[in-house]
Amino acid sequence: MSEEVKALESMIGEEYKYGFTTDVEYEEFPKGISEEIVRELSKRKNEPEWMTDFRVKAYHAWKEMEEPNWFNATYTKPDYENMLYYSAPKKKPQLDSMDDVDPNIRETYEKLGIPLEEQKMLAGVAVDAVFDSVSVFTSFKEKLAEAGVIFCSMSEAIQDHPELIKKYMASVVPVRDNYFSALNSAVFSDGSFCYIPKNTKCPMELSTYFRINNMNSGQFERTLIVAEEGSSVSYLEGCTAPMYDENQLHAAVVELVALDNADIKYSTIQNWYSGDENGKGGIYNFVTKRGICKGKNSKISWTQLETGSAVTLKYPSVILQGDNSIGEFYSVAVTTKMQQADTGTKMIHLGKNTKSTIISKGISAGRSQNSYRGEVKIGKKAHGSKNYSVCDSMLIGQECGAHTFPYISSENPSSSVEHEATTSRVGEEQIFYLMQRGISEQDAISMIINGFVKDVLKELPLEFAVEANKLLDVKLEGSVG
Amino acid sequence: MLEIKNLHAVVEGEDIEILKGVNLKVNAGEIHAIMGPNGSGKSTLSKVVSGHPEYEVTEGEILFNGEDITELDADERAHLGLFLAFQYPVEVPGITNRTLLREAYNTIARANDREELDPLEFEDYIESKLDVINMKDEFLNRSINTGFSGGEKKKNEIFQMAVLNPVLSFLDETDSGLDIDALKVVSEGVNKIANDENAIVMITHYQRLLNYIKPDFVHVMMDGRIIKSGDISLAEELEANGYDKMEKELALNGEAQ
Ligand SMILES: Nc1ncnc2c1ncn2[C@@H]1O[C@H](COP(=O)(O)OP(=O)(O)O)[C@@H](O)[C@H]1O
Ligand SMILES: [Mg+2]
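First to last, the sequence lines map onto chains A and B. Using the numbering used here, read the first sequence as starting at 1 and increasing by one per residue. Using the numbering used here, read the second sequence as starting at 1001 and increasing by one per residue.
Isolated chain B, as found in the complex (with noise of 0.2 Å):
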């Protein structure tokens, strides 16, 4: 489903380069946690991937079904179904989550020749989601993530997630902000999103999550490089060692270059 080659970006218009070759390949059905110490390049990764115009793609290849995507824009990209729910997701005031999602949902149906749901279509569907991630419904009239607390940004993004239901999606730190009762909530609408035809990658910072989101795949990253793979053994051991130790290890092995 996603095949990132030897991935290399920069900040746009200057020199500092931010990821440094990334390789990963995502299967249909799969979720992969991708970790690592602040400033590795996780998020750098998210948004890379989802094209924001910020970064700009100096070396290899982004491959979604087969075809590159590193010359789409953002919303040609989220058309074929890419979703990031956003570390810091942002304030959009006067305009409803509501209608933000008929947009959404819309513009994505009409660019895959499916078809578009009426305002009352969209009504009954929307509100079957509400469920996925236990939303009160005045939550649809409120403006796009003003004035919510941390915690209920990062819900309203599971569950335009639910809403938008994706083909493959990049969580960005979807824990960190959430109390113990959410992080169980959100989760278990991660789970229930998660098929056999869709795709998760998570980013943490901590191994929290993944007791309640089991990962097929575990990846760490470190100064803009995937510098292991392997299973959720690879976290525990991760939890139980810290960063710095697995790094040296690397180093000794001469793993990473």
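Same shape as in the complex, but just chain A (with noise of 0.2 Å):
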């Protein structure tokens, strides 16, 4: 355990230290998007036939929908055309081991700080790294196939359970969802497929550490994990960026669905580059996570700590369909310098007795702008079912801005929501005040938004919680003062 902390904690550098490309050769492809790149990609990939047509029907969908600019974000619309859609490292490895690796690679790793080696084994955590779009280290694969558990790239999934692929995917995302599931779906390169069998408990933590690192290639992963009946499994996705001055879009699409008495945990720690000082380059960060507790009893957590990316605009949602099932959000989402996010959630009850708790905690700072904007909608068969929400707001500084926009309707008069929202500067009083028992002002901001956070990060799985806490003293170091 110790090894991984220092492992993770030699990962979060002083200031942004992910700044650097990695020299891999890349094969060629052509820029930009049209129906022969998607078939040409889809090709590339060695994709069947129903593969390909579900790429190009989003396609279609995609050319025809508007993308949308309802947010409380401004940025400069992302270039479609002039974005690489495909890049995969030149030297296909076969891995047996670490050895096997591009070294360029493997130092990249070594910087990140990301440790694939046994370290990881013994902590209990299992590691598909992905490099730019092509995964090249799956590991601890055969423990994870003893329990039965499919965890592997979506690429291989496509290939080796097609079955599982063409029932699940787009199934609580669907391509028409909205303009960047619809784009993800036509041109997604790779990302991760887990398949929890019945009456599993997943035997280790899954995570996944993504990487940008080409220029100007946009990335799409698409992530898709189903929780047999009974099962249980907890999931966790990290990533930070090399620092590049033009955008890179980043429209990824996560799709869980849990059955019967199941239960899916998924925390996110999202640190990629966010731009300068004058909001010059960053990352933006259009995801599209949904999940849907289908079986009763069933459970759906989302757990994020948001402080990277340029733009954010990100809603983790809970569709409750079994009785009695519950979905849960909890989310720090801190913007420093010129970062714009607008993130929340959706709580969809449908199910009886179904409940939801929302517990955001958003932190400003610099000249940033931070928005929750959430969703509880209570369906007229949903009786009995409850919703608490809480929405807190920082302030550090004066330039900064906290917005929330609550939407709530219930259709069932059975049911209950309960929504309270508190906005609070960092004053100095609370910084003197800690100062004078003899805390240096670093220290004193820093426990001060430890505070705020507390109930959230409280949720995330112990290896990340202790990033996630440097995380924040780093992000905010001289914000205040």
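Keep in mind that the hints were calculated from the coordinates and are not lab data. Bear in mind that the values here come from a model prediction, so they are computed numbers and not experimental data. Every residue, glycine too, gets a C-beta built ideally from N, C-alpha and C. One should not assume that every hint holds.
Claimed, not checked - Listed below are several chain B residues computed to face chain A (Cβ distance under 7 Å; list not exhaustive):
| hint | residue |
| --- | --- |
| 1 | His1052 |
| 2 | Ala1074 |
| 3 | Ala1078 |
| 4 | Ile1095 |
| 5 | Ala1104 |
Said to hold, decoys possible - Capping the alpha-carbon separation at 30 Å, the derived lysine-lysine pairs in BS3-like fashion look like this:
| hint | chain 1 | residue 1 | chain 2 | residue 2 |
| --- | --- | --- | --- | --- |
| 6 | A | Lys355 | A | Lys296 |
| 7 | A | Lys77 | A | Lys346 |
| 8 | A | Lys355 | A | Lys201 |
| 9 | A | Lys458 | B | Lys1020 |
| 10 | A | Lys167 | A | Lys198 |
| 11 | A | Lys454 | B | Lys1136 |
| 12 | A | Lys201 | A | Lys63 |
| 13 | B | Lys1214 | B | Lys1184 |
| 14 | A | Lys63 | A | Lys346 |
| 15 | A | Lys265 | A | Lys386 |
| 16 | B | Lys1192 | B | Lys1025 |
| 17 | A | Lys458 | B | Lys1214 |
| 18 | A | Lys454 | B | Lys1192 |
| 19 | A | Lys280 | A | Lys77 |
| 20 | B | Lys1153 | A | Lys454 |
Said to hold, decoys possible - Derived CB-CB ranges, DEER-like:
| hint | chain 1 | residue 1 | chain 2 | residue 2 | range |
| --- | --- | --- | --- | --- | --- |
| 21 | A | Thr422 | B | Glu1188 | 37 to 43 Å |
| 22 | B | Gly1013 | A | Phe29 | 45 to 51 Å |
| 23 | B | Asp1231 | A | Gly397 | 44 to 50 Å |
| 24 | A | His403 | B | Asn1065 | 47 to 53 Å |
| 25 | A | Leu164 | B | Arg1110 | 19 to 25 Å |
| 26 | B | Glu1121 | A | Tyr388 | 39 to 45 Å |
| 27 | B | Glu1121 | A | Asn199 | 58 to 64 Å |
Using the hints, build the complex out of the two chains.
Next comes the structure, spelled out in structure tokens:
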């Protein structure tokens, strides 16, 4: 454990230290998007026809759609014609051990402090590292296979488990759900697939580190997690990206399916490059994340710590279809400098006695804008359902903004919705009080912030919680005073 | 220990002068009381001495054990052993009293090359201090001042003082908001903490507190200056005649400029 914590700690540098690129050769692939490009991409990935058709249909759906602009954010729209939709390391490694991985890639992992080696196993975490779009390393498959758990790249899943992919892909986030999900469906590069069989507790926490590492390569990850009856899984996702000047689009789709009595916990730390003081550069993070509690007594829990990206539009949601199902959303969103975040959740109550909890903590500093947008919908048949929402904002300095947009609708009088919201400012008085007790200014700020986000961070798996606290400190260093 | 010479201070960035030439000398083993009407600058004096960034010293010196501390940050002054029990203690949600005190205690220890206490040692240490003001240990698990009653907040300040064991403490209106029983407990606590090596400056509006904590010196502050100093009889005089009368007398005698 402590080894891993150390590794995680070294991963969180002082400044944004992941701003380096790796010198790996890339296969040539033309820029821009068209039906031909989509077909070519599918061909290079050796995909079956049904997958190619899925992509092509999605492409045409996307073509007809309008790019949305209802967010509380302003940015230059991505130039879709100037993007690379496919990239892969040239040498496709046959991986038996770490020695087989391209030394450049390995070095990248070292710099990132990603503990792909044995410490990780000691810590009981399986790692499926995604380098750019193609998985170059998948570990601990055997242990998972023993338990019957499938954990592999989406590309592999399409080859090896077509019936599962056909059944569940786009079943939670339909292709036409939104502009970015349609685009993702057409050009998704890779991602992870995870299937937990009946009555199985996944023997380890699953984690995937994404890394964007190709100039102008939009990242279109696709993740699908299916938890069969009575199974449970905890999935961790964390990301860093190199410091590029041009905006990079990241439009992932994540789908979760929980059947009867199943439990899925999905945790994210997002720390992509957020651009400089003047808002130059940084990642666009336009992700569609949704889970469905399909079975009775099922549970889906999203926990996120969002600190990076220039613009974040993200609403991890839960459809509570099964009776007695539970949806949770725990979020800390931090914006500094010129960052803009419009994030929140949707809880759609359809089944009886369904419960949802939303705890959202927004921290804004610099000249950033941080919006919470949350929807709670209680359907006609959702008798006895309950929602509880807390939405707190903290402002650091005078030039930032925090906004709250709650949308609540209930068609069932036997259900209850409770919403609380507060806004506070990290005050000179609080800092002075702690400094008077001997605590440095930086530690004082960090204490105040950690106190503020505690209710959310305690939901993170331990090794992430350590990282999360560090990340917050680093991120907000120098924001006050 | 503390020597304040002709201290002038303004609100940072503004022209309002609040301290207009304060002189005060405090030696080890002494207890001082500063009395004065509302708005005379008592709280400001305590904040300026402890390094509040809202105020700027425009003239004069604050010497602490011979060292001029006017340029030091608040935490550095705390490391030297300066403590302020706030008139209005601040709430910090999500961080427990215990966490704050352990951080504070160890940070101060580090700054002074003293041994830090590990969590278990600290637990023993902090438990031993709970008695000073009859505090229950569940108090340690509560977020700093969050949802505390006025009296609990004041008690908590003195508890923190007991744990951090400062060299010089300013107690700003610690008596206000305390009922008579609590006042007794808190005063007893302060008396237990006071010894030959430390010093205490109590700021108070009323004479009441001085019945429980006996000061060696009493100072009267008015309009940003200490206009008169003496022993406990000065407090009694004030209690009997009020500030107005004293001010007028002083004016007549030409003592106040
Ligand atoms: N930050 C500030 N800005 C403006 N005026 C202030 C500020 N701090 C103190 N003052 C003024 O200085 C005077 C002294 O205040 P204070 O030190 O709190 O008095 P006391 O504690 O003796 O009641 C008051 O008139 C108060 O309004
Ligand atoms: Mg006062």
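Quick rundown of the hints versus the structure:
1. His1052: Hint holds; His1052 of chain B Cβ to chain A Cβ min 6 Å, cut 7 Å.
2. Ala1074: It holds, given that the least Cβ distance between Ala1074 of chain B and chain A is near 4 Å, below 7 Å.
3. Ala1078: holds, 4 Å
4. Ile1095: holds, 4 Å
5. Ala1104: holds, 4 Å
6. A:Lys355 to A:Lys296: holds, 12 Å
7. A:Lys77 to A:Lys346: Since the Cα atoms of Lys77 of chain A and Lys346 of chain A sit roughly 25 Å apart, the hinted pair holds (cutoff 30 Å).
8. A:Lys355 to A:Lys201: holds, 23 Å
9. A:Lys458 to B:Lys1020: violated, 50 Å
10. A:Lys167 to A:Lys198: Holds, at roughly 17 Å.
11. A:Lys454 to B:Lys1136: Distance of about 24 Å is within 30 Å: holds.
12. A:Lys201 to A:Lys63: Distance ~42 Å between Lys201 of chain A and Lys63 of chain A Cα, so the pair is violated.
13. B:Lys1214 to B:Lys1184: Holds, at roughly 13 Å.
14. A:Lys63 to A:Lys346: With Cα atoms ~26 Å apart, Lys63 of chain A and Lys346 of chain A stay inside 30 Å; holds.
15. A:Lys265 to A:Lys386: holds, 20 Å
16. B:Lys1192 to B:Lys1025: Satisfied, since the Cα-Cα distance of roughly 23 Å is no more than 30 Å.
17. A:Lys458 to B:Lys1214: violated, 48 Å
18. A:Lys454 to B:Lys1192: Not OK: Lys454 of chain A and Lys1192 of chain B at ~36 Å, beyond 30 Å, violated.
19. A:Lys280 to A:Lys77: holds, 14 Å
20. B:Lys1153 to A:Lys454: holds, 23 Å
21. A:Thr422 to B:Glu1188: 37 to 43 Å: holds, 38 Å
22. B:Gly1013 to A:Phe29: 45 to 51 Å: violated, 58 Å
23. B:Asp1231 to A:Gly397: 44 to 50 Å: Distance hint for Asp1231 of chain B, Gly397 of chain A holds at roughly 49 Å.
24. A:His403 to B:Asn1065: 47 to 53 Å: Holds, since His403 of chain A and Asn1065 of chain B (Cβ atoms, about 51 Å apart) stay within the stated range.
25. A:Leu164 to B:Arg1110: 19 to 25 Å: For Arg1110 of chain B against Leu164 of chain A, whose Cβ atoms are near 56 Å apart, the range 19 to 25 Å is violated.
26. B:Glu1121 to A:Tyr388: 39 to 45 Å: Distance hint for Glu1121 of chain B, Tyr388 of chain A holds at roughly 40 Å.
27. B:Glu1121 to A:Asn199: 58 to 64 Å: violated, 47 Å
Hints 9, 12, 17, 18, 22, 25, 27, counting from the list given before, are not met by this structure.
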